[in-house]
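> Given the structure of chain X, go ahead and fit chain G onto it with the hints provided.
Number of protein chains: 2
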Amino acid sequence: MILLFNGICFAPKAQTVVEDFKPSSTNQPGKDYPMVNSEGRVRVQIKAPEAQHVQLDISAVKYDLVKDASGIWTGESNPQDEGFHYYQLWIDGAAVPDPGSLYFYGAMRWGSGIEIPAHDQDIYALKNVPHGQVCQILFFSKSTNSVRRAFVYTPPDYDKDLNKQYPVLYLQHGFGEDETGWTNQGKANLIMDNLIAEGKAKPFIIVMTYGMTNDIKVGGLRDFDIKPFQTVLVDELIPFIDTNFRTLSDQPHRAMAGLSMGSMETKMITMENLDKFSNIGLFSGASISMDDVNKATDFKQKVKLVFVSFGGREIESMKNRPSRGAFGGDPKENTEALKNAGINAHFYVSPNTAHEWQSWRRSLYEFAQLLFKN
Amino acid sequence: MILLFNGICFAPKAQTVVEDFKPSSTNQPGKDYPMVNSEGRVRVQIKAPEAQHVQLDISAVKYDLVKDASGIWTGESNPQDEGFHYYQLWIDGAAVPDPGSLYFYGAMRWGSGIEIPAHDQDIYALKNVPHGQVCQILFFSKSTNSVRRAFVYTPPDYDKDLNKQYPVLYLQHGFGEDETGWTNQGKANLIMDNLIAEGKAKPFIIVMTYGMTNDIKVGGLRDFDIKPFQTVLVDELIPFIDTNFRTLSDQPHRAMAGLSMGSMETKMITMENLDKFSNIGLFSGASISMDDVNKATDFKQKVKLVFVSFGGREIESMKNRPSRGAFGGDPKENTEALKNAGINAHFYVSPNTAHEWQSWRRSLYEFAQLLFKN
Chain X
1 MILLFNGICF
11 APKAQTVVED
21 FKPSSTNQPG
31 KDYPMVNSEG
41 RVRVQIKAPE
51 AQHVQLDISA
61 VKYDLVKDAS
71 GIWTGESNPQ
81 DEGFHYYQLW
91 IDGAAVPDPG
101 SLYFYGAMRW
111 GSGIEIPAHD
121 QDIYALKNVP
131 HGQVCQILFF
141 SKSTNSVRRA
151 FVYTPPDYDK
161 DLNKQYPVLY
171 LQHGFGEDET
181 GWTNQGKANL
191 IMDNLIAEGK
201 AKPFIIVMTY
211 GMTNDIKVGG
221 LRDFDIKPFQ
231 TVLVDELIPF
241 IDTNFRTLSD
251 QPHRAMAGLS
261 MGSMETKMIT
271 MENLDKFSNI
281 GLFSGASISM
291 DDVNKATDFK
301 QKVKLVFVSF
311 GGREIESMKN
321 RPSRGAFGGD
331 PKENTEALKN
341 AGINAHFYVS
351 PNTAHEWQSW
361 RRSLYEFAQL
371 LFKN
Chain G
1001 MILLFNGICF
1011 APKAQTVVED
1021 FKPSSTNQPG
1031 KDYPMVNSEG
1041 RVRVQIKAPE
1051 AQHVQLDISA
1061 VKYDLVKDAS
1071 GIWTGESNPQ
1081 DEGFHYYQLW
1091 IDGAAVPDPG
1101 SLYFYGAMRW
1111 GSGIEIPAHD
1121 QDIYALKNVP
1131 HGQVCQILFF
1141 SKSTNSVRRA
1151 FVYTPPDYDK
1161 DLNKQYPVLY
1171 LQHGFGEDET
1181 GWTNQGKANL
1191 IMDNLIAEGK
1201 AKPFIIVMTY
1211 GMTNDIKVGG
1221 LRDFDIKPFQ
1231 TVLVDELIPF
1241 IDTNFRTLSD
1251 QPHRAMAGLS
1261 MGSMETKMIT
1271 MENLDKFSNI
1281 GLFSGASISM
1291 DDVNKATDFK
1301 QKVKLVFVSF
1311 GGREIESMKN
1321 RPSRGAFGGD
1331 PKENTEALKN
1341 AGINAHFYVS
1351 PNTAHEWQSW
1361 RRSLYEFAQL
1371 LFKN
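Protein chains in written order, with the working numbering: chain X, 1 to 374; chain G, 1001 to 1374.
Okay, chain X solo, but in the shape it has when bound (with noise of 0.2 Å):
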């Protein structure tokens, strides 16, 4: 802030950046780059003494770093969302990720990612309570004929009581993404042994697969085939599971949940395949209208839980775009409706977020709250 002589206070916004910055939780060891601060802001730093010109490209916008004399360059962005974000560096046009964060698969390309603090952190904070397993599955698929990886959470006290059998929930990334997204990113692990320890949501089994979606051409959607990945889901990876896992393997205890593009695939699978499962959950994507349960074959009976949930940003552009509900309608008008047919349906807005993980945390903690328990 700069005092004029004239006493009128002149605050160019792109200036007042306050100096709290911290290194993110998501920083590789012993990394003192990249930092986060209160508002938000991501400040990057790499040493490139003969570059020309160095940017931080983060949330589609690219931000000028600027050089010292020792070669190092430094720069932040604006405010960013509570949450994760994907981020990338641009030295002299080359895009390459930045050595100083972990890495993450999203954008169809393993790259850097940072936390930006949320007000609801606790949620997925890593917390002295007893802990679930994530584990890789290694397992064949005669129908690609191909070795396929699959991770599964196991909740805290799976290996305790070897008697007892858990239900399972089929959990898919979205868009651009893989089988690693939902534990790397989303936490999903931490999100469900918070809410263990708390009583709050009954232990179940976790399945995260790869969705085949990344042959998909953007914008070629509407062309997309459910076929190969249904038949690897429902014939190949549901039967492994509940062979090698203590599984209650009736449809009542079978559930199917998906952010974006995995929420489309969620709606195609599950319509489909009402005898195998009886809790739907579909994140910033697809909604249910009663046009489809009316197409579908007893429905009501067997459907015990449809969660709908968006962004509040999500929720917002919306509204600016009234040709949405050519797409499978208003999701928000779609759960009502499902709700005033006498269907226990849920539609969820995550607070001041967009289409991004903060949004899927806060879906996967509310949607397991309400799971399996109908």
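Check before you lean on any hint, since a few could be wrong.
[Unchecked claim] The calculated lysine-lysine pairs, modelled on DSS-like cross-linking and capped at a C-alpha distance of 27 Å, are:
| hint | chain 1 | residue 1 | chain 2 | residue 2 |
| --- | --- | --- | --- | --- |
| 1 | X | K62 | G | K1047 |
| 2 | X | K202 | G | K1160 |
| 3 | X | K127 | G | K1142 |
Derived from the structure by calculation, the hints contain no laboratory data.
Frame of chain X, contents of chain G only:
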């Protein structure tokens, strides 16, 4: 090769690159570069139109890349040893990961790695055989007041017969690496899956946690205090594993092994805890001498297996360093002396490899076939 007018062949060695490059198996999904050819050369490519100077940095040598008209830089290394290697790119003085490769934790950073096909890669190939799981566990450590992470390999049939109990191997990474190394770079789980499928190894559990080695200043190993890690491993992790997994928890069924710095840790911890460990594996680092044996109580009665290994190139370089004897003695002579004293001791040399992961994959492959058989 250029045939000159007078019939003399002129073949500058640096230019005889065999043009049979293929994308590496460690590339990110859908990425063409980096590539490897049949000589083991690594070719990288990156778009950096404004850059002045781009280099590939692998096995401690930097290779200049060449820019084409569209701003894409390309270049390749000299032939590399079979197996896994860390590398990075330099763009105008900035050291960054290659955006085309997967990332691995080593050299104290998450960064690029590349796989050079090996003549014996079948031992760690992903095959359609029964696969074990690799589970991330989180356990509270009172001595460090932190929630710590380990990865646990359980063999293929672990979840089939819930009455069966298994021996356990505690397996340590090297300096600059962490608990992800043995599965990501070492492919320990695939080596075990294949050995078990062929009936060559007894099924056992493997536990991999962080050896707390990266706080050591390079060159300061003589001052290394094993106590903090020994407390975490012996007093905290072992009881956690024996509570949460179906282990055979007596001394005859517990082993420890490690590579490089991890072999030093293994020697220090097992020699002080012979009531807890019966099988010992030391890869590319420590060995056990008759002096060590004589200082310990009941070594010959308690220790059922001592396995010591090195890369062939490590053995070569030792011959030129007679001072080696000061650091615990010649490892082959030490191991021969143990054999002569009636101890079940084995010395293995990995052909044509150095202080690198291919030596350690082969060491595990050999060691696992000897484990828990006495």
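> None of the hints should be skipped; say for each whether it holds.
Evaluated hints:
A threshold of 27 Å between alpha carbons decides the hint, and for K62 (chain X) with K1047 (chain G) the separation of about 18 Å falls inside it, so the pair holds. For the hint pairing K202 (chain X) with K1160 (chain G), the CA-to-CA distance comes to about 25 Å; that is within 27 Å, so the pair holds. For the given pair, K127 (chain X) sits about 13 Å from K1142 (chain G) by alpha-carbon distance, which is consistent with the 27 Å threshold.
Going through the hint list in order, the structure satisfies each hint without exception.
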